[in-house]
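Novice: Going down the list, the sequences are from chains D, S and B.
Per my numbering, residue 1 is the first one in the first sequence, and the count goes up by one each step.
Per my numbering, residue 325 is the first one in the second sequence, and the count goes up by one each step.
Per my numbering, residue 649 is the first one in the third sequence, and the count goes up by one each step.
Please keep in mind that the hints were generated in silico from the structure rather than gathered at the bench.
Note that the structure is a prediction, hence the values are computed from the model and not measured.
Hints are not guaranteed to be accurate.
DSS-like mimics (lysine-lysine), calculated; alpha carbons at most 25 Å apart, straight line [said to hold, decoys possible]:
hint	chain 1	residue 1	chain 2	residue 2
1	S	K377	B	K891
2	S	K567	D	K53
3	B	K701	D	K53
Ranges of calculated distance between the beta carbons of each label pair, as one might list FRET restraints [as the list claims (entries may be wrong)]:
hint	chain 1	residue 1	chain 2	residue 2	range
4	D	T209	S	L578	55 to 63 Å
5	S	D619	B	A920	53 to 61 Å
6	D	P265	S	L578	40 to 48 Å
7	D	L105	B	G785	52 to 60 Å
8	B	G934	D	T209	52 to 60 Å
9	D	E32	S	D369	29 to 37 Å
Don't be surprised by glycine CBs; every beta carbon is placed ideally from N, CA and C.
Residue-level listing of the chains:
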Amino acid sequence: MKTWRMGSGDPQRNAQGRLCHLLTLEGLRDVEIIELLDTAASFLDLGSRTVKKIPLLRGRTIVNLFYENSTRTRSTFELAAKRLSADVLNMAIASSSVNKGETLLDTVDNLLAMQVDGFILRHSEAGAAHLLARHLGEQAWVVNAGDGQHAHPTQALLDLFTIRHLVGPIHERVVLILGDVLHSRVARSLIQGLSILGCPQIRVLGPRTLVPPELVHLGVHVFQDDRAALEGVDVLYALRMQKERMDVQPLPSLEEYHRRFGLTPERIRLAAPGAVILHPGPMNRGVELTSELADGPQALILDQVTHGLALRMAVLARLAGGSG
Amino acid sequence: MKTWRMGSGDPQRNAQGRLCHLLTLEGLRDVEIIELLDTAASFLDLGSRTVKKIPLLRGRTIVNLFYENSTRTRSTFELAAKRLSADVLNMAIASSSVNKGETLLDTVDNLLAMQVDGFILRHSEAGAAHLLARHLGEQAWVVNAGDGQHAHPTQALLDLFTIRHLVGPIHERVVLILGDVLHSRVARSLIQGLSILGCPQIRVLGPRTLVPPELVHLGVHVFQDDRAALEGVDVLYALRMQKERMDVQPLPSLEEYHRRFGLTPERIRLAAPGAVILHPGPMNRGVELTSELADGPQALILDQVTHGLALRMAVLARLAGGSG
Amino acid sequence: MKTWRMGSGDPQRNAQGRLCHLLTLEGLRDVEIIELLDTAASFLDLGSRTVKKIPLLRGRTIVNLFYENSTRTRSTFELAAKRLSADVLNMAIASSSVNKGETLLDTVDNLLAMQVDGFILRHSEAGAAHLLARHLGEQAWVVNAGDGQHAHPTQALLDLFTIRHLVGPIHERVVLILGDVLHSRVARSLIQGLSILGCPQIRVLGPRTLVPPELVHLGVHVFQDDRAALEGVDVLYALRMQKERMDVQPLPSLEEYHRRFGLTPERIRLAAPGAVILHPGPMNRGVELTSELADGPQALILDQVTHGLALRMAVLARLAGGSG
């Protein structure tokens, strides 16, 4: 398993300890996370107004710098920025043109020379956002929108928001994460966030190749048996199974995965009463969960999307507002 | 020939009978079409002002959801939305990524969870816009920007606008549609619109494989002989020949098509004095019409484009304005 | 060597001699260039404000019409337009779809019918922008953002701005251009601009295949020996080496090029004290110059980018403002 040593110091804080980038939830204080969630809550009703726009970041330029294709995540950040009245520059950089000899940092230096205010970076390599943050210092801010198998902090924050907003206090809930925990940046960030907010028990469940016993070092309880794992769980978090990965590793087929770990009405009954289902999307219906559950009242998957927009507005407002 | 059964009820109206989507011209009342054309007329001079923008839809979010590539149609809708001060999210979804397992409705549900106001949908499958409208109900509106061989209502509306604005009352004009009527969503929608506005005679002309006698069920007069078809015609509507189709079906070559049905100065002389030429674009010069005619005074092809922008503003204002 | 005969008359001026397009620096008067540079200077500090936006072109529509892929140049123009509050329509037209039968002029006529105000055109064919300007007349303006091996006037203007702003009066400086001068639109435009502003000596240096003696007809001093070329030079302008070209022509390898002509700390010492380095980007580190120099105090490469944004705002304001 790869490790993500990011060098010494805390690259997401300035010399005064103020958060000036959002790279990972690791090292955030609970009050910092709660402040972001509270700000997101204040943006939540904006989306139901006719005029879904506030002038908070008018005249700022935000770059969506995506080295990995992700229409969904890009769209959420683009809408979040536009609703704050910022100008957005979309840069989708195909891996092919990366080979043209211009490095990430040269690209960023150019954009910086155009006086952009901040970057939303998605990159296939773990550590890319940290590298960028160290390079930028306080010249501009960066939000990590997913870097390799390392971190995806805004996804985890919206998940925390959803649990807190629709389920209850995180320090009173048992959470089970199902699937490929080993390779998932979503799982990694979520586990960190749950820990910081005092979640009393974080469980993981999946095939041994994807949830090996060594994961205990993340502070989780590792299960390979579904019945034991589900008992008393309040929040079921199903990770997306990467079909691509299936082909190259000795894993169960998607059918086999669904049979052993997929969420079904029967399996849900083993969890605590009122247990809810979260998924980072896009889901594979019939693999991570049945279509019936996906469209049922226990699934908070679309609430997550709504919260994701408000949460990203909060993150942008927090980082960009600082320079105003 | 495929049929487009869209289920029972009228999916483009709400329970009170109000138009809340624009999927097809089928079933529209003449006054509804005329109201849209009148609204478009009121937007027409905006384009010649220095500041081509009104704040009607400020703070609304409109998604250009294009499953078929069409830079032209996407651009027109994007400009129409921006001139109404809406925010536009462009989503070009390649057919390749459709296979990643996320369905149209899952994609839309996600965008809906981001509280977007409406969708402009282009899709290669007939019925896609109807499916979406039934799914959305009154949560958001959808404009059909072309679904398979089914319908393309905004194209037909701009054609009606052009005839009414530059030629005269539709109930006094004879219209001839030339080309692949059988497979054309443009032709289908135009025929419906002309009928609703009382066009006294709608003729179609083309090779027997593309205008079979059964087309009379659409309420048109079917011609395979060009001289008879052209006599007394006020409006010549040349459909775009799809070169791609040529390769797979037993059709005449493009040269042969031009020789038999292409608009030429000689052929135009057979029509009524002052007859005009329309084309939905992009045209194949030397196929559907000669380059000389395309650039001549009888061609209203660029007027159609100008009118298309005003018309699309009218449609967006009508649908989006309703929720304000 | 190709020639770029653009026909008679001056297509970038109207009948009154006013500049209504920007196609090339050829034929511009020194006062016209200086006015553009002065306007750019007035925009320079806008980028360091929190609200980087002025309403000068509010309600105007500008089309980024790119037939050649160039994320960097497209982004600069997009940001320049947005900071002037214009609406921007990005049209990236892949060479593949060019074959669909719609010509550049048909595409432009369509956009013109949508009442757009101006075009930023990048095209692989020399003369494309001239063709477009002749077609448009005063209906809309066009900025040439690079046409084949012909011209790239905004790049040259930002280079002139950088020299004037950070080095000193152009009529007192010796400039050396290094690399593939023969095929470079950047070099061609820069040489014209330097001549117009009275640069006392313009030198070029590179392999004989790329800087043949015939280049003297451009009014430059041709060198193949680096020591003689560098002596007394104030401004070192390194052109980007096109790796693609390397494969098809009998040129030295990139390593060989760097060994003979690449800028190194040793070579720089041969130039005048305080000599600076410019490069149009994106640079190939270790080819045109060492990484050490690229990041050192003599390199003005990122200043060029900052100036490029202000300069493009000045060009857009000049051309678009005229119709207001």
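Novice: All hints are to be evaluated individually against the structure, with a verdict given for each.
Specialist: Hints, verified against the model:
Proposed proximity of K377(S) and K891(B) is contradicted: the alpha carbons are some 45 Å apart, above 25 Å. Taking the CA atoms of K567(S) and K53(D), the gap is near 45 Å; set against the 25 Å cutoff, the hint is violated. With a C-alpha separation of about 17 Å, the suggested pairing of K701(B) with K53(D) holds against the 25 Å cut-off. Taken as a hint, the range 55 to 63 Å holds for the pair T209(D) and L578(S), whose Cβ atoms sit roughly 57 Å apart.
Between D619(S) and A920(B) the beta carbon distance is about 57 Å. The supplied range of 53 to 61 Å therefore holds. One distance hint, 40 to 48 Å for the beta-carbon pair P265(D) and L578(S), is violated here, with the actual separation near 58 Å. The hinted range of 52 to 60 Å is not satisfied by L105(D) and G785(B), whose Cβ atoms lie roughly 45 Å apart. About 42 Å separates the C-beta atoms of G934(B) and T209(D), a value inconsistent with the hinted range of 52 to 60 Å.
For the hinted restraint 29 to 37 Å between E32(D) and D369(S), the CB-CB distance of approximately 53 Å leaves it violated.
Hint check: violations occur at hints 1, 2, 6, 7, 8, 9; the rest are consistent with the structure.
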